[in-house]
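Undergrad: For reference, the chains in residue letters:
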Amino acid sequence: MNKVVKDPQTALEGIENGMTLMVGGFGLCGIPENSIAQLVKMKVKNLVCISNNAGVDDFGLGLLLQGKQVRKMISSYVGENDEFERQMLSGELEVDLIPQGSLAERCRAGGAGIPAFFTPAGYGTEIAEGKEVRIFNGKPHILESALTADYAIVKAWKGDTEGNLIYKATARNFNPMMAMAGKITIAEVEELVEAGTLDPNQIHTPGIFVQRIFQGQKFEKRIEQRTVRTKQ
Amino acid sequence: MNKVVKDPQTALEGIENGMTLMVGGFGLCGIPENSIAQLVKMKVKNLVCISNNAGVDDFGLGLLLQGKQVRKMISSYVGENDEFERQMLSGELEVDLIPQGSLAERCRAGGAGIPAFFTPAGYGTEIAEGKEVRIFNGKPHILESALTADYAIVKAWKGDTEGNLIYKATARNFNPMMAMAGKITIAEVEELVEAGTLDPNQIHTPGIFVQRIFQGQKFEKRIEQRTVRTKQ
Amino acid sequence: MALDKNGIAKRIAQELKDGWYVNLGIGIPTLVANYIPQGIEVEFQSENGILGMGPFPFEGEEDPDLINAGKQTITVRHGASFFDSATSFAMIRGQHVQLTVLGAMEVSQNGDIANWKIPGKMVKGMGGAMDLVASAENIIVAMMHSNKAGQSKMLKECTLPLTGVGCVKKVVTELAVLEIKDGKFHLLERAPGVSVEEIIAKTEGEMVVADFVPEMKI
Amino acid sequence: MALDKNGIAKRIAQELKDGWYVNLGIGIPTLVANYIPQGIEVEFQSENGILGMGPFPFEGEEDPDLINAGKQTITVRHGASFFDSATSFAMIRGQHVQLTVLGAMEVSQNGDIANWKIPGKMVKGMGGAMDLVASAENIIVAMMHSNKAGQSKMLKECTLPLTGVGCVKKVVTELAVLEIKDGKFHLLERAPGVSVEEIIAKTEGEMVVADFVPEMKI
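Protein sequences, first through last, are from chains G, C, V and P.
Count along the first sequence from 1, add 25, and you get the number used in my numbering.
Count along the second sequence from 1, add 25, and you get the number used in my numbering.
Count along the third sequence from 1, add 874, and you get the number used in my numbering.
Count along the fourth sequence from 1, add 874, and you get the number used in my numbering.
Extracted from the complex, chain G is given alone in its bound form (with noise of 0.2 angstroms):
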């Protein structure tokens, strides 16, 4: 079952504007950088996209919010990014701030067919408004809905041919759910290889989440906080 395709602009056929999409990473780690930049090139607007983070100014999302091709970014936190500030005070885009544990467990639900699940995350606070309340042992909870995108955009380390994919650190994040709550996955890596060349044991995204993937030409792997120790 093979899901190579040879480059971006393959991968990312059948986006359109307007469309939702999930992109892996954590900040700048673990971001699908090659199809960022496609998506990029390909123009698409009014996008929806459901992040962690936005990126910086010019990496990461920051570039797409940089040709203003976001119309909504669903995310846990979204600063470090002048731009986004910017269209976001001006009413130029619109953003869905989710709390972090909430917007993994919500990508996970949509991959996983669980439409709605309570957590106490957000209880009590305006993330609540409108949403049911319930208790469970004696803590009130609040019910949270299932996220499911268009497309899912991840990056991993290595994969194979049939889409089998291994993250690296903590470049894996978000990526894992966000490959199950795709419609349709696309995935970007660092290797890839033959099928049966990566030991099935160690298989973080199962290749049924998987419909398209490709080896990114380059990997720029831009650090956001470079903090470092000096040697004794």
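No lab work stands behind these hints, which were simulated from the structure alone.
Don't take every hint at face value.
Only pairs whose alpha carbons sit at most 20 angstroms apart, straight line, appear in this in silico PhoX-like list of lysine-lysine [to be verified]: (1) V:Lys998 to C:Lys97; (2) G:Lys208 to C:Lys164; (3) G:Lys208 to V:Lys891; (4) C:Lys164 to V:Lys1043; (5) V:Lys1076 to V:Lys1022; (6) G:Lys164 to P:Lys1055; (7) C:Lys208 to P:Lys891; (8) G:Lys164 to P:Lys1043; (9) G:Lys97 to P:Lys998; (10) G:Lys164 to C:Lys208; (11) V:Lys1043 to V:Lys1058.
Computed list of chain C residues with no C-beta within reach of chain P, every gap over 10 angstroms [stated by the list, open to error]: (12) Lys31; (13) Asp32; (14) Leu88; (15) Arg111; (16) Asp175; (17) Glu245; (18) Lys246.
Just so we're clear, the structure is a prediction, and the values are computed from it rather than from any experiment.
Heads up, the beta-carbon is just placed ideally off N, CA and C, and yes, glycines get one too.
Given the coordinates of chain G, work out where chains C, V and P should sit on it, guided by the hints.
TA: Chains C, V and P only, in chain G's frame:
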């Protein structure tokens, strides 16, 4: 954070009559054999066992049934066990049957602080009796609640001194979710290694979910349905 | 002539499409894996936590840690993956598995299925069947047209406790291929040499029969 | 003398118990990792998907794929593990993390916390804070007693949009250690040389003060 205990006897300390235990495994695959043997020795009674299956007459949880140690089984499939059938028909043993996917998800929910979720499984059947029904996307779903246990007993292939676990092949099954859902989780492993030996990227169950770990003396790994093909 | 179990499996295998992920239940459904049409690739999921199941192992090569949902020793193909039961049913519930084939004791004309419990008899449990039938977009039931007592299993309404409601799309028996839609069985094909009259006689539920009902091509 | 940020972190570190898993927020909480008392072992969780965080890397050894929730480059200790965001918050929501330390803009006497939004100002989002405060059994807030305008952050009621309700158990500021129970602040300790009167003056919420309030031992 060393979680190693020397033997099953030490690992299972604190398990008392009437407690709820989750026991990992699917059929006889991936069951905590050494811990089950120890439960038999301890003669704890009136247990509520949450486990996908109930073993066979003379192996797995069947051994606890032989000793009449189980008051109630919460499972999805309990065939292959005459003593089980006898106790169930005589009313000695209470049985709560749950769709397998709901069982898995309810354990995960218990470990993940999700008190309840909606699933389509079982709608319109006797499983749904007394449960809330709600329509999502035009399809009826029922509300299922989380499961937790006083102790979860799981079996892994490799484990380290900090409780990180790696399972092998389909012996993974229910073990990871049950590890999450135990107030105290005990892991028996085939190979116990020093922390730092296992690749952090390949851990299936992070050590935070495991309170005690020991290396099993011996694993029989009985095969329930030996099916083979002949070489041409 | 009515089909045997392998015939039923063969006919169901014709429904497979290239690139599908498929879950096969115990019994006749398992046999479907032996008849994958040439030129297409499908991948088998087993709900105990494996994608990319291969054939049974050679004698002496059985691995007790590698079984299918029927608890049989198996092997894996290139590109297989293992995962936990929650992820496995996430695949099923989330409709990532394109086809589920399973057995049944009764099917009703509105697509209800009963296959897990006979009142008064030992109940073994539903296993993953309730999740599978409630979730799959595409469910094919593989079964005999009548039970051992000779009563039709294709009913107006199921008499046994249900496994799922309105979920079966297609039934393949030793006699016929039937589609379920608009609350009725629709006779699509008959087994080679089996008459429409025999199928009608053995079907208790309402069945729509066209003027011409083709023979299955096995 | 009021504590500095490191002093606050040092005092909070005294709350750590052997074997705890701890989540540290951005800012002062991060500093807590530098003051783990001798003889105990704790493990740090970062909600972007890591258990067993180590110190910052040496220059030239930064790995862009290895960051903490503050997006800083980090290292791992022996026994670390990586996981996805859903599993990470399963740990948090499921109360597997024994202690959460985070900053706040306001805390109220019934344990409400506000730390994510100032109306009229740019909203950056709550990140994982709402999950953390709604879930943790044990939450310590690390913050300054007053804001930059000199107003108390220890209030009868929060004025800013809430992050969580009735969840904060303990607050450590540059002036004091306070417990929250029965809808009141309870003054447990004062910073070395800081008078009870100063703490009372700078605490807007109701505060229970014992006859003798010991000095912190830093």
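Undergrad: Hint by hint, note whether the structure agrees.
TA: Going down the list of hints, with the structure as the test:
no.: 1; hint: V:Lys998 to C:Lys97; result: holds (15 angstroms)
no.: 2; hint: G:Lys208 to C:Lys164; result: holds (18 angstroms)
no.: 3; hint: G:Lys208 to V:Lys891; result: holds (18 angstroms)
no.: 4; hint: C:Lys164 to V:Lys1043; result: holds (16 angstroms)
no.: 5; hint: V:Lys1076 to V:Lys1022; result: holds (13 angstroms)
no.: 6; hint: G:Lys164 to P:Lys1055; result: holds (17 angstroms)
no.: 7; hint: C:Lys208 to P:Lys891; result: holds (18 angstroms)
no.: 8; hint: G:Lys164 to P:Lys1043; result: holds (16 angstroms)
no.: 9; hint: G:Lys97 to P:Lys998; result: holds (15 angstroms)
no.: 10; hint: G:Lys164 to C:Lys208; result: holds (18 angstroms)
no.: 11; hint: V:Lys1043 to V:Lys1058; result: holds (11 angstroms)
no.: 12; hint: Lys31; result: holds (18 angstroms)
no.: 13; hint: Asp32; result: holds (21 angstroms)
no.: 14; hint: Leu88; result: holds (31 angstroms)
no.: 15; hint: Arg111; result: holds (38 angstroms)
no.: 16; hint: Asp175; result: holds (15 angstroms)
no.: 17; hint: Glu245; result: holds (30 angstroms)
no.: 18; hint: Lys246; result: holds (26 angstroms)
Violation of the numbered hints given earlier is absent; every hint is satisfied by the structure.
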